[in-house]
Every structure is written in C-alpha cells, then in structure tokens.
Amino acid sequence: MVEQIVFILVSLFTLITAVVVVTNRNLFHAALALMASFLGVAGLYVLLDAGFLAAAQLLVYIGAISILIIFAIMLTRRLMHALESPFNSQWGLGAFTAVVAFAVMAGVIAQFWPVTPDSVTPLASRPEVSASILRGSVAELGRALVSSDAYVIPFEIASVLLLAALIGAIVVAWPKAEDE
Amino acid sequence: MNSVITSSWVLALAPEISLLVLLIIVLIYDRLIKPEERRQIGLVSAWGATVILLLTLGLWLFGNEPNVQASLRDSLIWGGMLRHDLITLVFRVMFLVALIVTSLISMDVEKLQRGEYFALLITATVGFSLMASASDLIMLYIGLETASISSYVLAGFLTKDMRSPEAGMKYFVYGAFATGVMLYGLSLLYGITTQTNLYVIGSILTGAQAIPVEANAVLLLSAAMIVVGFGFKIAAVPFHFWTPDVYEGSPTPFTAFVSTASKAAGFAVFIRVFTAGALGTPNPSREWWAMLVAMCIVTMTLGNLAAIYQKNIKRLLAYSSIAQAGYAMIGLVTFTPDGSGAAMFYLLMYVFTNIAAFGVIILVSNITGSEDLDDFRGLSRRSPYLAMIMLVALLSLGGIPPTAGFLGKFYLFRAAVNAGLWGLALIGILNAFVALYYYLSIVKYMYLYRSEEEHISIPVSRAAQVGLAFSTFFVLLLGVYSGPAFEWTLNAANAFYALIG
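Residue numbers (my numbering), protein chains in the order written: chain S, 1 to 180; chain R, 181 to 681.
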C-alpha cells in the first residue's frame, strides 16, 4: 500500500516535470525541469529494486547529460533569452496522435488487469528473481557484462559505437576553414 | 551453453575483428600520409575489405565456418548473442562487397578523401554485419545503433555543402524516432516473455503451451512498433519519408552504400526476428501478417508512381529503391524458405546493380556538378562504356533479361505463387511494368537525346573502372548463370527454417 502511494507520487512528479519540459517557453527552465524529470525516473528505478540503475541514472543523466544540455543552452546566447512558443502549427495533430497512442497502449496493457494470484500466467507474471541476485545485483551485472556466455559482445561493440560517435563528432565539429 | 570460448566462436567473428583492425589501419594511415596522397585511403579501405571478403569466403569453403550441419544450439554463439549460419555469411558478403565498391567509387570524390569517411564506412559495415547475425534483442539493438550513428554522420559528411547537413539531420531525427518506437516494441516483447534471446522467445511463443489471450494484443502492438524501426531501415512506406531527401543530399557514394547495405541489413533483421517466431508463429493467420502484406503492396506501388515524376536522378533512384524494397518484401511475407531465399538473392543482386548505377552518377556529376536527368543527355556519345554500364544497371533494376534483376524478380514472384499469394505476385508484375517506364526514360536521355558537350568524354579513374567493371560483371553473371548463387541463398534459408520448424 505504501509502495503504491510512493509510486503514484513519484510518477506524478515525473510526469508533471515532463509536461513542464515541453510547455515551458524558457528553454533554460525547460532544461532544469528535464533534470527533475530524470530524478523522478531514478525514483522509479529505486521502487523497482534496481539500485544500480538508479545510481547510474543520477550520475549519467542528471550528472552528465543534463549538464551538457545546459552548457549547450548557455553557450548559445540567443537561446538563453529567447522566449519561444513551444507550440507550432501542428501541435493539435501531435497531441491527437499522442492521445491515440496512449489510449492504444493503455488499452493493451490494461488487459492484464487485475493481476490476481490465480490469473497469473507464465507470460504475464512478474519474473522470479532470487534474493541472492537482488542482494548482489551489481556484481551479477558486472559479471554478465564480461562473461563470454552473456553480454560480452554487445559490451565490446558498444565501444565501437562510441568510437563511431567520437569520429562523427570530430567530423561535425571540425573547423570549416581547415577543410580544404 | 558453455562459457569456454572456443576457436570456432572467435573464427565466427573473424570478419568483424578484421574490420576493426582495418578501421585502426585506416585511421593511422590517414595521419601518416601527406595531404596530397589522401586519395590512397580509399584504396587501403578497398584492399582491406577485399582481403576480409576472401578470408570470410575462405573460412567457409575450407574451414567449414559456418558449419551448415550445426544444430541451433551450436550455431548460437557468445551466449546466444549471435548466430553463425549461412544467412550470416550471405549478408556479410553483401556488406563487404558494398564496402569494397563504395570505397572504390568514393576515391575520386575530392571532398570524401578523408580517413574519417572511410573509418565511418567501416564501423557502419561492422554494425550491419552484427545486425545480420544478431539473435538477441540487445545485440540487435547495439548493432543497429552502431550502423545508424555512422550512417547519420556519413549522410551529413559534406559540412560545407548546403544539402548534406540537412540530409544528415533529417536522417538522424527520423532515425532516432523510429529507433525509439522500435525499442519500446522490443521492451514490450521482453516484458511478456522476460527473455531477450530471439529463439528462446520464439520457443515460448510458438511452444505447446497456449499463449494467454492478453499476450496476443501485446504481441501485435509490439510487432507494429518493431516494424516501424525495421521499416525505416529498409525504407518501406509509410516509413519512407526520409529516403528521397537523404538520398539526394548525402554524398553520392554514401547514397549507394545506404541504399544497398543498409537496406540489406534491415531485411536481415526482418527475416531473423519474424521467422524465428519471436512475435508468434509466422503464418497468414497472424494479424501483423496482413499489416506486412499491406505495407509490401503500398511500398511497391507508391515508390514506383512517385518515381515517375522525378527530375533529379538521385531522387528518382531513391523512389525506385523504395519500390525495390517492396519487391523484396514479397519474398519476406511468404514466410517460406523459398521466399526468404529469393529475397536474399534479390538483395545480393541489388547490391551490385544499384552500386553500378550510382557509380556512373558519381562520375557524371563530378563533371557536370549537378544530378539532373538532363546531365545524362548524349551520354552514349560522350562515354559509351559508362552509358553501357548504366544501361545494364537500369535493365537489371527494371527486371529485363539477361541481367540479374530479371531472375531476382522471377524467383520472388515464383515463391509468392508457390505460397499461394497470386495477388501479390500479380501486383509485383504490374509494378515492374510501371517501373520500366522511368528506367527506360533515363535510357532515352542517354541514347536518344543529344547534347552540346558530346565530344568531351568523362574521365574515369582506374579505381572507378575496377569498381564498375566488377559490379557490372556480377550483374550479368548472376543474370545468365544464377544457379550457384541462388542455391546458396536458398540453402541458407532452408537451413534456417529447418532449425526453427
């Protein structure tokens, strides 16, 4: 019951700040609201017993990505002061699409409701997670990332992905005078 | 699955590992040479890719890698992340051929003579290659992102050009959105099965135990979302809006690369995910099957009808490539080994055909500075060989014998008829006639119209000569003697279906 209330509060916080992100006229304030929204997502991870993910969310999204966004806004002076309307001519259509998409998804997921012990099917039940994995989840995650019968290849390829992104960033940001 | 790394696991990844070695060589070589010799980087990339192609084929012919007789359990390697089978090999060959020829035809475009360009082509190839062999949702996504990130930058590579950054940006925004939707679909799939391996998901969903009714709706939603991401990759209607703009604005060699390799990679994941039963048994009683068939019909028709009105040859070929994706989808939606084999053969011949066509466009537009159809006036008098290559490529795209395109379409339509999809085959054939109109109109420009610059021939470097001759040779070879190649793709599809069924 308490978990339910906390979940609703955290979700409301995440959603309200997310709405602020897309409706605020000041880009800087929108970026700050985005940080708050990320914080709410971290809270959701904690509720799901994913402590490591929550910490990663705090460090990476709030600590690095948001700061990067704020840097980008502050370095482009015009954006810092401009109060631009977040709506354009197609906002009605966009809102309509979003509502329809939400209704479809909610309708599909609501079919599983209510989840009572005897209605639980193998496909819909919550996965069984043993207590030992929960206790040492960070160690398990670390082992899975480097063991050859788990995720070592995706883990290594992620470094190729980052290398490609790095080269790409250089290409995009290279001073144009030196091009020729 | 045992956790001991066997030599066969490493050998299965040999092409990707060698590609990464080549990547490092290209990046270092770029720093070592003088700026005037920058042209050589393309040659290094092409030679490297050729060696890797020979290595891949050599491992298959002499090392029995991939082992065709291996069971599903043995062919799933690295903890079920990758599957090493003939399909992987077929697609790897396509990507490596695309990389070789793209490197060759890029060499003479001055603005592309940079190490970064070839480095990104190589990382994109690694991504495509892993997409084609991925058998796990996480691996699939990482492979797709590696390929996509490289592609976005390559599309916007000419930062001084007006249209190229626009193309890169459009590609990026559309791509990020499509990938996001796809990721949501994958997460729904994980949510109801708690598994990420395609074959484990497949065995749960197609197994003896009945799937609860609630799960069916989620499966359909998940399939729809996954199709958004895959449809974007293969440029199928209605996820095709980026195609004309990106194809037109990107550096032309990259357009050749993205229209062949990227499309093939999209089809590889399509075949793997849908036929593995990861979204339920693939058969016409599935709701999403009707969705795929509808997409296939609309893609063929819309692509062809829109192509008729194009005046820019890159836009024309962009719409034509949308239509070609529709034809290849015919083979996919049959969900028979015949159909998948035919689709793979079609993609293989499409790699050679489309790259030859774009190669000619690069050479012509290098001289004229634009890509209008009018530039092709009198090409047969200017450069008879270039006109000839373009003619062969266009005939192949249109599906006229003795080129590979004819047999590609023939196998596809035959597979559709054998699977009982008469209507689909008929729509495909009617579309092929529509397509002939605009392909032959390019021929008309080249052979019948005159221009004032007829006496100035178009210079063709040795690298471009080799690249174009190589592609044209295979277009004609696959057209007159397609037996071994078609048998090869058919075997790949048969082995794939045998292990799943």
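Rather than coming from a laboratory, the hints here were simulated on the basis of the structure.
Certain hints may be false.
A few chain R residues that face chain S, going by a derived Cβ cut-off under 10 Å, partial list only [what the hints assert, rightly or not]: (1) W189; (2) L191; (3) L207; (4) I208; (5) V333; (6) I372; (7) V398.
Restraint ranges, calculated between C-beta atoms of paired labels, are given here [said to hold, decoys possible]: (8) Y677(R) - V172(S): 51 to 59 Å; (9) F653(R) - V19(S): 58 to 66 Å; (10) K491(R) - S137(S): 42 to 50 Å; (11) L15(S) - Q220(R): 39 to 47 Å; (12) R25(S) - M342(R): 26 to 34 Å; (13) S187(R) - Q90(S): 52 to 60 Å; (14) N88(S) - S631(R): 25 to 33 Å.
Computed from a predicted model, the values in this text were never measured in an experiment.
Glycine included, C-beta positions come from ideal geometry on N, C-alpha and C.
- Query: What are the numbers of the hints the structure violates, in ascending order?
  - Reply: 2, 4, 8, 10, 11, 14
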